Amino acid sequence: MQAVLASKAVNYSDAVDYRYIAKRAIGAGLVTLVLASLLVGIEAVSTNFGLEINTRYRAVFCASIGVAIVYFLSQLMHAGRPTPAVVGGLLMLVAFAILEWAYLQGLPLGDQLPFAAQVVNWAAALVPLSLVLRGAYIIYTQKAKGIVRTASQREAGFAVFYLKHNKLLGTLLIVFAIALPFMPFANRRLIDVATLVVTYIMLGWGLNIVVGLAGLLDLGYVAFYAVGAYTYAMLSTDVGLSFWFALPIAGAMSASFGLLLGFPVLRLRGDYLAIVTLGFGEMIRVILTNWWWFTGGPNGINNISRPSFFGLPFERDARPGVETFAQFFGLDYSPNQRVFFLYFLILAFALVTNFFTLRIRRLPIGRAWEALREDETACRALGINPRNTKLTAFAIGAMFAGMAGSFFAARQGFVSPESFVFLESAVILAIVVLGGLGTQIGVVLAAAVLIGMPEFFRQLQDYRMLAFGIGMVLIMIWRPGGILSHRDPTIFLNRGRAKT
Amino acid sequence: MALFIQQLINGISLGAIYGLVAIGYTMVYGIIGMINFAHGDIYMIGAFIALIGFLLMGAFGITWIPLALALVLLIAVVFTAVYGWTVERIAYRPLRNSTRLAPLISAIGMSIMLENYVQLIQGARTKPQSNLIAGGFALMEQGGFVVQVRYLQIVIVVLTTLIMAGFTLLITRTPLGRAQRATEQDKKMASLLGVNVDRTISLTFVLGAGLAAIAGMMVLLYYGQIDFYIGFVAGIKAFTAAVLGGIGSLPGAMLGGLLIGMIEVMWSGYFSVDYKDVAAFAILVMVLIFRPTGLLGRPDLEKV
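Chains U and C, in that order, give the protein sequences. Residue numbers for the first sequence, in the working numbering: 158 to 657. Residue numbers for the second sequence, in the working numbering: 1057 to 1360.
Hints are not guaranteed to be accurate.
Just so you have them, the derived chain C footprint on chain U, three or more residues with Cβ under 8 Å [stated by the list, open to error]:
1) 200 to 211
2) 556 to 570
3) 580 to 594
To give an idea of the interface, some chain C residues facing chain U are shown, with a C-beta separation under 10 Å as derived from the structure [stated by the list, open to error]:
4) Gly1089
5) Trp1120
6) Ser1167
7) Tyr1207
8) Val1299
For each label pair, taking beta carbons as the anchor points, the in silico distance ranges come out as [claimed, not checked]:
9) C:Gln1204 / U:Asn205: 36 to 46 Å
10) C:Lys1244 / U:Phe339: 53 to 63 Å
11) C:Gly1089 / U:Leu417: 51 to 61 Å
12) U:Trp258 / C:Leu1248: 51 to 61 Å
13) C:Lys1244 / U:Trp258: 15 to 25 Å
14) C:Gly1191 / U:Gly207: 15 to 25 Å
15) U:Trp258 / C:Asn1187: 27 to 37 Å
Keep in mind that the hints were calculated from the coordinates and are not lab data. Please read these numbers as outputs of a predicted model, since none were measured by experiment. Each residue gets a CB set at the ideal place from its N, CA and C atoms; glycine is no exception.
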């Protein structure tokens, strides 16, 4: 391990092979040119008479040259010559600033900006910016210590810090989460976003049981979310059950769907399991869409009743004989009360999920999950029943998804199959993996980054999902083990020798 | 009977397209053991490049259809192959030695990115494409039901057969194919014996993307319209096909593709169009339960 780390560290005394780097930079530029030449360069515009061609070659050439230059500079930087990167990056930023200023002033020079969409121009400007910052950091550390920590060392430092202050960090986050609605800057929009983030945190924690602890790759987790949501929606509209009665039923329903799916497929190997769960997720969605007389079809189910506070509804004017929340506590009615209540509700659910996971990791069943993840054959030899153990993980994970689903239905007041597409499963899995498999706080961080950030960048509109995809790839490359990567078994036989 | 034969013909042409995409999945899975989630979107990009290629042919005045088809095929394969190469280089190669899940997430991110990239640069509206190989002939008639064979279907089946034959030769007879099979069996050993593993893996992606581009062009002509979203569903079905046939096996991928195409068409013809995707997955689950390695897959040896 030490040898690997040492070989990864950059040796700054080496001479730099400029020709090699230049060749590769030109290659990168050419590849960009080829990639962009047809798809970006030529737009097939749909008109009433068929398709017409619209060319955009300035963007293509700017992108190709930009990629070549940035690649050249960054390779120089990694070879221990950060100064050109800083200077070049600054020059590019200045050029961008001048053009952008001209654009904002309405000068003709402003038309020379490389891309038609302003968002893309700004995003492109981030690249030289990061080049400058990284270069400056390298210069600074070279001056200060003469050595630069490698990525894996930094990662280790991060994980060690997290492990040391695990409890404290967790407590601080919980206190912050509880205090959030009472902060001076809290408004309805912020709490709405926070509610969404916490929903995904709960889903992430639920999936973490399946993927992180038991090591079962589930690509159809959203199916259980959908089952929970539809169970509550139907119980509420058809039977008239209240949220609190429907919640355990929804959880049980999802868990039994987990068992139903789990029985036949859990003896499959990892990736086969992944594709079958993916298929199952799609099947549930197709059934929800097409079984219209039962599920409402593509239109979904409307008028789902909202959860109440121990029987006190959050409404302006209560039905006769029913006291509202505001009346009972002698408050003025405000729509924020329900928003805040929903936030605390999902926060409580999420914390229960978290607490449950933390506790069950210490129980024999939790240990069996982790053991199964590490080595199934050994587990079988030691008398653990792999199928039953996996089934419990699957069912418990599904149960939490179902509860989150009924919360989702209750919050929205309506459900439709559109909310349960594969992308949702992918996002939840991404939260678990990006956070660092098996870590609880990592899920929180990843959910905040993946769900919270795009919500605050709504003005990016169409570019939001593009940025989301790029972000997923970049985070994975930057930290392949997740933001908080550490994957230690909960118990060690021998502290000194456990890390191999 | 006539209906059955008609569905059989349709199923074979659709299955050929799925099979070509499935080969990309199965090769990548065989060689680096990852589900290349972005492969469906590579296929979609292939279809879009073919669409733009046809537009260019129109703009340059190349009206002789065989020439136009050949040129567009070439353009689509080359440009899509570069996409395949780039995706591997950017999103998968840095993660070669990390956990099993890291490249999967990266691939899902890549898939989301490519889908939205095409949506943004080419617009979300469905793009129409006139069928260049129009027409067909009546194969037989029974009780007023005429079994039609479209010329396009013949072209698809013949082209797929030719490509499969060439591809099988490439994998079994050339040094390139040998390197590919060696890397698939044991990366470390192959590299010790002088196989450039990184280049071989890149090449696998390039070949897979090329085949996906051919499938993309076929589907463009077959359905006459595409949008940025076709990659997802086709990708899932093609992966299902690869698993059905036994992942890692090339003939298996083709067989799986044909079966999935057939199941889909038969189900739509005899039962309900709405549930055709459910049928494909249900059969997949059945196969995996009773034959977990797929139809033509070799069983894994479990190491202790």
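Verification of the hints:
no.: 1; hint: 200 to 211; in the structure: holds (count 7)
no.: 2; hint: 556 to 570; in the structure: violated (count 0)
no.: 3; hint: 580 to 594; in the structure: holds (count 7)
no.: 4; hint: Gly1089; in the structure: 8 Å, holds
no.: 5; hint: Trp1120; in the structure: 20 Å, violated
no.: 6; hint: Ser1167; in the structure: 7 Å, holds
no.: 7; hint: Tyr1207; in the structure: 22 Å, violated
no.: 8; hint: Val1299; in the structure: 5 Å, holds
no.: 9; hint: C:Gln1204 / U:Asn205: 36 to 46 Å; in the structure: 30 Å, violated
no.: 10; hint: C:Lys1244 / U:Phe339: 53 to 63 Å; in the structure: 58 Å, holds
no.: 11; hint: C:Gly1089 / U:Leu417: 51 to 61 Å; in the structure: 29 Å, violated
no.: 12; hint: U:Trp258 / C:Leu1248: 51 to 61 Å; in the structure: 58 Å, holds
no.: 13; hint: C:Lys1244 / U:Trp258: 15 to 25 Å; in the structure: 55 Å, violated
no.: 14; hint: C:Gly1191 / U:Gly207: 15 to 25 Å; in the structure: 20 Å, holds
no.: 15; hint: U:Trp258 / C:Asn1187: 27 to 37 Å; in the structure: 51 Å, violated
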